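Trainee: Work out the full structure, taking the sequences as your base and the hints as a guide.
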Amino acid sequence: MVGHLPLDVRDGDAVRAIVAEAAPQVVFHLAAVGVTDPGVDAALTLEVNVGGTVHLLDALKGRQIERIVLVGTCYEYGAREAVEGLDPFNAYAASKVAAWAFGRMYWRAYGLPVVTGRPFQVYGPGQPSHTLVPAAIRAALAGDDFPMTPGGQERDFIYLDDVVDGLLSAAQAPGIEGCSLDLGTGRVHTVRHIVERIWEMTEARGRILAGDLPYRPGAVMHLVADADHTMRLTGWRARVGLEEGLRHTIEMIASFTDG
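In terms of the working numbering, the sequence shown has 211 at position 210, counting the first letter as 1, and numbering is strictly consecutive.
Among the clues, some could well be false.
Restraint-style ranges between C-beta atoms, simulated for each label pair [unchecked claim]:
| hint | residue 1 | residue 2 | range |
| --- | --- | --- | --- |
| 1 | Arg208 | Val27 | 46 to 52 Å |
| 2 | Ala255 | Arg217 | 27 to 33 Å |
| 3 | Gly242 | Gly112 | 22 to 28 Å |
These are computed hints drawn from the structure, not numbers from a lab. Since this is a predicted model, take the numbers as computed values, not measurements. From the three backbone atoms N, C-alpha and C, an ideal C-beta is built for every residue, glycine too.
Mentor: So, in structure tokens, the structure goes:
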């Protein structure tokens, strides 16, 4: 068992050395920049998210690997809904499309058993505090007002534990090399609905200031996973309902706030 090893995936020699040391059978590749920062420098996403992926795939080439799970993003789809249609609208999403393409190439050209999982709107313990769900929960618990966009964006919210289980299924399901899997529930909720449920569940005193912030330029208004496609390929389906997931997240954040 190899513990946590500090590594810059832009350093191809370092990646090869750690792969040689770890001699993994299954690899989950989650190293990336820009996940929660849509304004991240495009060149940096190219170096880390694309270059780092290529370094890893190169290091794994020729080894006895059971499965390589690359982690993409639902934002690769942009405004499109079809699994085959990719239309990224920011640098992070574009870099993940490129990383997916390299993964497919290494599978076709070198036989690497690559599968890509695309998580949808993930929430749960440990999420960066500036992202929607934890930011709304902290404001609600503090009794603060919460400025937000009009909140009409429809998103497929999936709890962290379900994403972990989905990635494990991507690593274990037979015969899916080269495939891409949506990791979502197949159901959408508006951003405003999520904030309103948090307000109701916490009995918040502050106000929801919907419309105080504008939508981001080019904002995608509807994203939903093809959960049935993933179910057919892996047998996996998300299990944690929205109410349960929000409750767990509220309890976790409240425990830190109270402490």
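Trainee: For each hint, tell me whether it holds in the structure or not.
Mentor: Hint check:
no., hint, result
1, Arg208 with Val27: 46 to 52 Å, "holds, 48 Å"
2, Ala255 with Arg217: 27 to 33 Å, "holds, 29 Å"
3, Gly242 with Gly112: 22 to 28 Å, "violated, 40 Å"
The structure fails hint 3 only (numbered hints given earlier).
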